[in-house]
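Participant: Listed here are the chains, written in short residue letters.
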Amino acid sequence: MGVINRLKNDRLAMVCLGFLFLVLLAGVFAPVIAPHSPIEMNVKEKFAGISMTYPLGTDQLGRCILSRLLYGIRITVFLSLLTMAMTILIGTLLGILAGLLRGKVDEVIMRICDVFLSFPSEVMILAIVGMMGPGLFNVVLANIIAKWAWYTRMVRTIVLKYTDKNYVRFAKVSGCSTGHIVKTHIIPGAAGEISVLATLDTGSVILIISALSFLGLGVQAPTAEWGMMLNEAKNVMIMYPYQMLAPGIAILLVVAAFNFLGDSLQDAFNTKRVNKMR
Amino acid sequence: MSLLEVINLTVTDKRKNVVIVKNVSFTLERNSCIGIVGESGSGKSMTSKAILGLIHPSLKVTGAAHFDGKDLFQLKSNEIRKIRGKRICMILQDAMSAFDPLSTIGSQMSETLCENLEISKKEAEKISIVELNKMHIKEPVQVLKKYPHQLSGGMLQRCMIAIAIAVKPDIIIADEPTTALDSINQNEVVKEFQRLRSELDTAVIFISHDLGVVQRLAQTVLVMKDGKQVEYGEVKDVFSQPKHEYTRYLVNTRVQLTKSFTEAMRKDHV
Amino acid sequence: MMLEVREVYRSYKKTGNGFRRERLNVLNGVSFSIRAGECVGLVGESGSGKSTISRLILGLEKADKGSIFIEGKRVSEWIKENKGQMSVVFQDYTSSANPRYKISDVIGELLKAFGENEGIHGKVEHLLEKVGLPLSIANRYPHELSGGQLQRVCIARAISMHPRLLILDEAISSLDVSIQAQIMDLFYKIKKEMNMTILFIAHDLQAVAHLCDKVMFLHNGQIVEQIATSNLTDVQNEYARRLLYSVIPFNV
Chain V
1 MGVINRLKND RLAMVCLGFL FLVLLAGVFA PVIAPHSPIE MNVKEKFAGI SMTYPLGTDQ
61 LGRCILSRLL YGIRITVFLS LLTMAMTILI GTLLGILAGL LRGKVDEVIM RICDVFLSFP
121 SEVMILAIVG MMGPGLFNVV LANIIAKWAW YTRMVRTIVL KYTDKNYVRF AKVSGCSTGH
181 IVKTHIIPGA AGEISVLATL DTGSVILIIS ALSFLGLGVQ APTAEWGMML NEAKNVMIMY
241 PYQMLAPGIA ILLVVAAFNF LGDSLQDAFN TKRVNKMR
Chain Y
1 MSLLEVINLT VTDKRKNVVI VKNVSFTLER NSCIGIVGES GSGKSMTSKA ILGLIHPSLK
61 VTGAAHFDGK DLFQLKSNEI RKIRGKRICM ILQDAMSAFD PLSTIGSQMS ETLCENLEIS
121 KKEAEKISIV ELNKMHIKEP VQVLKKYPHQ LSGGMLQRCM IAIAIAVKPD IIIADEPTTA
181 LDSINQNEVV KEFQRLRSEL DTAVIFISHD LGVVQRLAQT VLVMKDGKQV EYGEVKDVFS
241 QPKHEYTRYL VNTRVQLTKS FTEAMRKDHV
Chain X
1 MMLEVREVYR SYKKTGNGFR RERLNVLNGV SFSIRAGECV GLVGESGSGK STISRLILGL
61 EKADKGSIFI EGKRVSEWIK ENKGQMSVVF QDYTSSANPR YKISDVIGEL LKAFGENEGI
121 HGKVEHLLEK VGLPLSIANR YPHELSGGQL QRVCIARAIS MHPRLLILDE AISSLDVSIQ
181 AQIMDLFYKI KKEMNMTILF IAHDLQAVAH LCDKVMFLHN GQIVEQIATS NLTDVQNEYA
241 RRLLYSVIPF NV
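Chains as they are written, first to last, in the numbering used here: chain V, 1 to 278; chain Y, 1 to 270; chain X, 1 to 252.
If we strip away everything but chain V, and leave its shape as in the complex, we get (with noise of 0.2 angstroms):
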């Protein structure tokens, strides 16, 4: 198809996927890469600079920081890519049954998402991990709860944009299904504009994760975590400051990559657009 060939040439994204790829995969094999176990305390080795046994260094509880990082992709990263599937799963399904049924289905459905929008979801956020009490399970519901509504709107816009569409309403005309028509023309067009949403998305979720983690709502200690590792850091901020470089950094580059590969998700979707430029 034509939107993985402009993606294919499309330098920047590549790398941005390319990147992706090598972190995720670093995060399935994190127990095989890692130098040492992420709790593996040596205090006599505490804020040890860069060696060939700890490549990153040490925190101040003697971890390896490396090893730490790699653990943390599968609690920061992965842990995102899960909130951003069910946020999704959950938006699709809603959007599609209002934008589709449209009447009193879709009024309630989107009346309730109207509440759930009116609060900003950082607030929102806090709000419900502070009654449910920090742990990741919470952190993940609480993100799923503040954003569904955002992604049921949104998909329900994109339905209503293609039952619009002439080839829709000929489907309907000639008495197809609705799973048919939801099955041949809904998915497949929705399925690229709600990809980049959800790709440009990911980025924020990790962020949000991260920061929870940092204010100490998210993972406890000792796991690994990305967000954590930053607050630790913090205490000791002005004595070791670089400290903070390896998960900052880390959640730059991903965040950054994911957002990159976003808007060339975006460019490769807009058959128009690229039209237009050549």
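Bear in mind the hints are in silico, worked out from the structure with no lab data behind them. There is no bait here: all hints are sound.
Just so you have them, the derived chain X footprint on chain V, three or more residues with Cβ under 8 angstroms: (1) 158 to 167; (2) 180 to 193.
Once the Cα atoms are required to be at most 27 angstroms apart in a straight line, the calculated DSS-like pairs of lysine-lysine come out as: (3) V/161 with V/183; (4) V/183 with X/102; (5) V/161 with X/83; (6) X/65 with X/13; (7) X/80 with V/172; (8) X/80 with V/161; (9) X/102 with V/8; (10) V/161 with X/13; (11) X/123 with V/172; (12) X/192 with Y/259; (13) X/130 with V/172; (14) Y/145 with X/13; (15) X/73 with V/172; (16) V/104 with X/73; (17) X/62 with V/104; (18) Y/145 with Y/168; (19) V/172 with X/65; (20) V/183 with X/123; (21) V/183 with X/62; (22) X/83 with V/172.
With the C-beta cut set under 10 angstroms, the calculated list includes, among others, these residues of chain V facing chain X: (23) 170; (24) 171; (25) 177.
Since the model is a prediction, treat every value here as computed from it, not as a measurement. Each residue gets a CB set at the ideal place from its N, CA and C atoms; glycine is no exception.
With chain V fixed as given, assemble chains Y and X onto it according to the hints.
Facilitator: Showing chains Y and X alone in chain V's frame:
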């Protein structure tokens, strides 16, 4: 001397080196009308835009267009701006997009008139009302207060023609002004063009693919295909004895399409 | 009776009127009926409600008042029971074919959706031939075709299930005149060969006279006149008369 003489007008896309319009030549006398006929993409609109200097800078125009002793293609942009809108007016097919949706018809009319006729706003309003009246628009004062979306396509088209008439240009270029209209509005618009010519001595370049309308309005016709001038001559000669195959094809399809209607209507006269 | 429209009313909310709830009445009690096998034209100026009527018949919208019956049944019910038996060709051919699918899939959509698994390829080729398109087009995508070709594809898809009722909603209005003539010829051929009921919605009276047996004039949301195209000059209604006599003929 002719009012406008276009010699070997050629438009080339500089970036792709593609010729869009090739060697189009025609002359236009005072109080006459030339019809330009052809399919979309045949270069009809491009020809008229080139004459007004309204085309994209990436396109190169060669040839000459003598108007009032000057070659329009050699003029500087501020000189051609003086001619455009005042001495040569253009009427577009899509009347809806030719008006600014955010201001009223009246303010847009008087703005154009003030600019081109150098008169006050009050005078411009008076002229607007007079011209709209001439266009058989009922309650022109009300129409002037309305926004473009509140009027029908035919109505907007007539407002646009009214502006053109008020400016009293030497040449009016009309790009498919009747295509989107139903027969009643079409007829009204055609009548306005006829009146325009007879009363103001204005010459008209009428671009259309409706051969019936061209036949009624124009004295000479230029047939275009793929950017080339296929046939050029008196309307009656071209349509009754087309020399080029393409013209013959156009005439034949038109005759075929309207045969049943013409026959049904002919009964009336028997 | 193939199609029966009884006293149908439809109004829309007016936009941009602030707090006032004004409604724009588009249809004010439209009634007409079409017998099976008839080919009827519907004309009227733009904004007279032609497209609204078509959307109501197609079951894409509901009437405020009044009812529409196809073969004695309500539209939505009839569509469910007679899959692929009502078809439509729209004015805007650019959005009529899903840009993601090849032409062969576009034309074969209904065949596939309604359970035919074998012989689709042959049928699509037969349809392409019927609408005068080269077979090589089957593997191309919609954006690679010209307007005339794309409209032919839409027509091929519309007749793929051999429908009993075909609605042509300004199907030629966006095409060039010479292409219009070709498409009209195609409609003429379809009408002759396939024996279906056709509702031809257009603003071009000459095209309507070319194709249809009967013509209906829509004005101010009502059918003001119905007449056989062979007796056009007998029209009584003032508006219909004006519409007829305003047509600028082309004489050779």
